[in-house]
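Visitor: What follows is each chain in one-letter form.
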Amino acid sequence: MKARLGQRARWRLPAAVITAAVAVTLVGCTGSSTGITKKPAKVSGTVVMTEPGDNPGDIALRHQLAAAFMRSHPGVNVKILVVPATNYDQKVQTMIAGGRPPDIFGSGDVQIANIVAKNFALDLTPYVKRDHYSLSDFYPQVIDGLTYDKKLVGLTDNWDTQVMYYNDTIFKKAGVAPPTAAWTWQDFVAAAKKLTSGSGTSKTYGGVFENWFAAYFDQMWAWGGDPYPDKGTKCGYDSKQSVAAFNSIVSLYKSGVSPTPSQFSDQGAEQLFLSGRVGMYIGAGRWAAYDMRDVKRFDWKVAPLPAGPIGRANFFHLSMFAIARTSKNTEAAWEFLKYMVSSTGIKQGLAAVQGIPSRKSIANSAAFKNDPFVVRHDAVAPFLASLPTAHRAPYLPNFTQVQDGVDAQLDTVWSLKRSPAEVLPIICQKIDPLLTAGGAPGGG
Amino acid sequence: MATAATEGVIAPSATRPARARPWLTRERMAGFLFVTPSLIQFLIFTVYLMVSSLVISTWSWDLLTPHRQRGFYNYTTLLLHDPIFRTAFKNTLELTLLTVAPGMILGLLLAMVVNTRLRGISIFRAAYFLPVVVPTVATAIIFRWLYNPDFGVLNWFLGLFGLQHHDWLGSPSTALASIAAMSVWQSLGWNMTYFLVGLQSIPEQLYEAARIDGAGAWMRFRSITWPLLTPMTFFVLVTSMIGSLQGGFDSVYLMTQGGPGYSTYTNSFYLYSQAFRYFHYGYAAAYAWVLFVVIGIVTFLQFRFLSKRINYDFG
Numbered sequence: 001m002k003a004r005l006g007q008r009a010r011w012r013l014p015a016a017v018i019t020a021a022v023a024v025t026l027v028g029c030t031g032s033s034t035g036i037t038k039k040p041a042k043v044s045g046t047v048v049m050t051e052p053g054d055n056p057g058d059i060a061l062r063h064q065l066a067a068a069f070m071r072s073h074p075g076v077n078v079k080i081l082v083v084p085a086t087n088y089d090q091k092v093q094t095m096i097a098g099g100r101p102p103d104i105f106g107s108g109d110v111q112i113a114n115i116v117a118k119n120f121a122l123d124l125t126p127y128v129k130r131d132h133y134s135l136s137d138f139y140p141q142v143i144d145g146l147t148y149d150k151k152l153v154g155l156t157d158n159w160d161t162q163v164m165y166y167n168d169t170i171f172k173k174a175g176v177a178p179p180t181a182a183w184t185w186q187d188f189v190a191a192a193k194k195l196t197s198g199s200g201t202s203k204t205y206g207g208v209f210e211n212w213f214a215a216y217f218d219q220m221w222a223w224g225g226d227p228y229p230d231k232g233t234k235c236g237y238d239s240k241q242s243v244a245a246f247n248s249i250v251s252l253y254k255s256g257v258s259p260t261p262s263q264f265s266d267q268g269a270e271q272l273f274l275s276g277r278v279g280m281y282i283g284a285g286r287w288a289a290y291d292m293r294d295v296k297r298f299d300w301k302v303a304p305l306p307a308g309p310i311g312r313a314n315f316f317h318l319s320m321f322a323i324a325r326t327s328k329n330t331e332a333a334w335e336f337l338k339y340m341v342s343s344t345g346i347k348q349g350l351a352a353v354q355g356i357p358s359r360k361s362i363a364n365s366a367a368f369k370n371d372p373f374v375v376r377h378d379a380v381a382p383f384l385a386s387l388p389t390a391h392r393a394p395y396l397p398n399f400t401q402v403q404d405g406v407d408a409q410l411d412t413v414w415s416l417k418r419s420p421a422e423v424l425p426i427i428c429q430k431i432d433p434l435l436t437a438g439g440a441p442g443g444g
Numbered sequence: 445m446a447t448a449a450t451e452g453v454i455a456p457s458a459t460r461p462a463r464a465r466p467w468l469t470r471e472r473m474a475g476f477l478f479v480t481p482s483l484i485q486f487l488i489f490t491v492y493l494m495v496s497s498l499v500i501s502t503w504s505w506d507l508l509t510p511h512r513q514r515g516f517y518n519y520t521t522l523l524l525h526d527p528i529f530r531t532a533f534k535n536t537l538e539l540t541l542l543t544v545a546p547g548m549i550l551g552l553l554l555a556m557v558v559n560t561r562l563r564g565i566s567i568f569r570a571a572y573f574l575p576v577v578v579p580t581v582a583t584a585i586i587f588r589w590l591y592n593p594d595f596g597v598l599n600w601f602l603g604l605f606g607l608q609h610h611d612w613l614g615s616p617s618t619a620l621a622s623i624a625a626m627s628v629w630q631s632l633g634w635n636m637t638y639f640l641v642g643l644q645s646i647p648e649q650l651y652e653a654a655r656i657d658g659a660g661a662w663m664r665f666r667s668i669t670w671p672l673l674t675p676m677t678f679f680v681l682v683t684s685m686i687g688s689l690q691g692g693f694d695s696v697y698l699m700t701q702g703g704p705g706y707s708t709y710t711n712s713f714y715l716y717s718q719a720f721r722y723f724h725y726g727y728a729a730a731y732a733w734v735l736f737v738v739i740g741i742v743t744f745l746q747f748r749f750l751s752k753r754i755n756y757d758f759g
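As given, the protein sequences belong to chains A and B, one line each in that order. Residue 1 is where the first sequence starts when you use my numbering, and the numbers rise one by one after that. Residue 445 is where the second sequence starts when you use my numbering, and the numbers rise one by one after that.
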């Protein structure tokens, strides 16, 4: 025994020396201790990028950027793979699981924790360090939002947040002062009451509140609640503040100043606003402005969300480009990703950008701010004014399942059959197990 | 009595050993070659996948991270600790009750109506069959508008009688029945066609003889039509039950997404959610096996107790 121990001890020193030598060699070769290779002089090969199929403007922009990138990188072939938008995230995950990952995929906010938990996106931090890639021009909130568990999951060309759209024509006709950044919820309700008129199919609604999670999260935050406090390990729906927040939404439906969810579910709240029968619309980010570009029959403008009892709160939407961890061509993918979020890349898509450019220099440039469309609809300032009050999405690895559970219970609130005070505590009973690791049926 | 053998006719085997006929004859070989493509397809796409899903049903697996062996954990969780599974199963049974019997009765009535030799009757038959070939997406859009609480035809009709508007798909008490009504409308063409085939295979002379004997319409239906339709009725019942117990995925997905609440969650919709929304593949596989066994038992019971009552005698 003693002899064997001695033998093992004799091997320890040479083994340590060899290990150290190998490590030094590897570090020398890669230029870092993170395992990524030294930056190649030239990238080549094919880069496949998935793009949700519901946005023709964005698809056209990706093709335009790919073509420009290929001109400057003759050895690279960028293919844009348009994937149906319904359950897009699930489809991308299936591609990755099936061993045919896209090199770059678009995803965003609520999926970030899931992406990190399942480890299917490349952490970009080592690449940023290796290339001394400057992130200083990006809004800090953007980089913060794209970082989870100390990993930079992706980069983006734009950010977005929830705002309020209003029909200026209806406001002028009713002689009501239009919304301002100083509006509170009381101001919103008072104006909505003044704007509501008529009945039946010719009724004009003062406002429409779209009952999806980003909109009611905003309301909860503005009332001092939090859907998933303690970093997503607790349920916050049953707090007094949350109940009050939901009551404020439900009272809009009950009083008739907003159509109820069942009344707008078929055509959607945005479509109802587009029909010209609604004074104010809460429930969308800047993508709605893009949808409203061709509206001629009324004038519309953007304002920040009205403030709740503890101030304004608005969901911070982040779409991003991530590189699949199992990508066969990470270097070319990284180059193309950098190109898409570069000043050159973002400027190319400025006319069709649906959010606010992620680079401060471009978002504050005259080219963006003085665009006639932006000026006419005030389609930048309310977003910039909302940035300090933006809340990042709850980062839950099983967000889809948790939110399905929440929304199933909220249905009876939206149909006005039960009160928030009755339903919200039930939500916490139902989803508490889902917020515990391994507590979800089928998961764990 | 002497047999041929005992009378001196010697069997060939008595003189020389019979040469064993080779098992793999040319005919057998040809037969195997003919079925080989189907057999390979069956082994790969049915047997292999079923065995794989059985193995996966004992795992916790999200496709992206390595699986963990869980034994019967998925099955016990599903059957004992998952309230949504129980709700989905109950809803599926309700949907089965609401679709199978009405679908069959209406299908039979329709088949009897169009089983005439009037000029242009084929146009009516085609018209009634049309819902079968209309994509479910289009049907769902039409029915969503029919059920719309403000502008729907159904509520407009109720309004004519002074009745209040109702949120058909938004109310837990009527959402499932509203989906069932759409499913019945969709399947009516199939059921009508099957029953029409059954009706047209009944010999006309049986009805003539019954008329001569003074049997009225109801007597002819009870004594001739119904007994001789039992093979087709049994077929429609078994296939409708199998389809319904899976829980009409497309109509639920398009009409309500399982809501309001869990009031229209059915087996197929919850299974889909577990597999393709939450990436719980092991759990979904266990669910599929539970569903397979339940449907198998129901079908077996139908064969066991109903097949004896089927009348195949047209003579």
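What the hints contain is simulated information worked out from the structure, not anything from laboratory work. We put the CB at the ideal spot given by N, CA and C, even for glycine. One or more hints might be untrue.
[To be verified] Stretch-level coverage of chain A by chain B, calculated; a stretch enters the list once three of its residues show a Cβ under 8 angstroms from a Cβ in chain B:
(1) 84-94
(2) 297-304
(3) 309-315
(4) 400-407
Visitor: If a hint holds in the structure, say so; if it does not, say that too.
Guide: These are the hints, each one checked on the structure:
{"no.": "1", "hint": "84-94", "result": "holds (count 4)"}
{"no.": "2", "hint": "297-304", "result": "violated (count 0)"}
{"no.": "3", "hint": "309-315", "result": "violated (count 0)"}
{"no.": "4", "hint": "400-407", "result": "holds (count 4)"}
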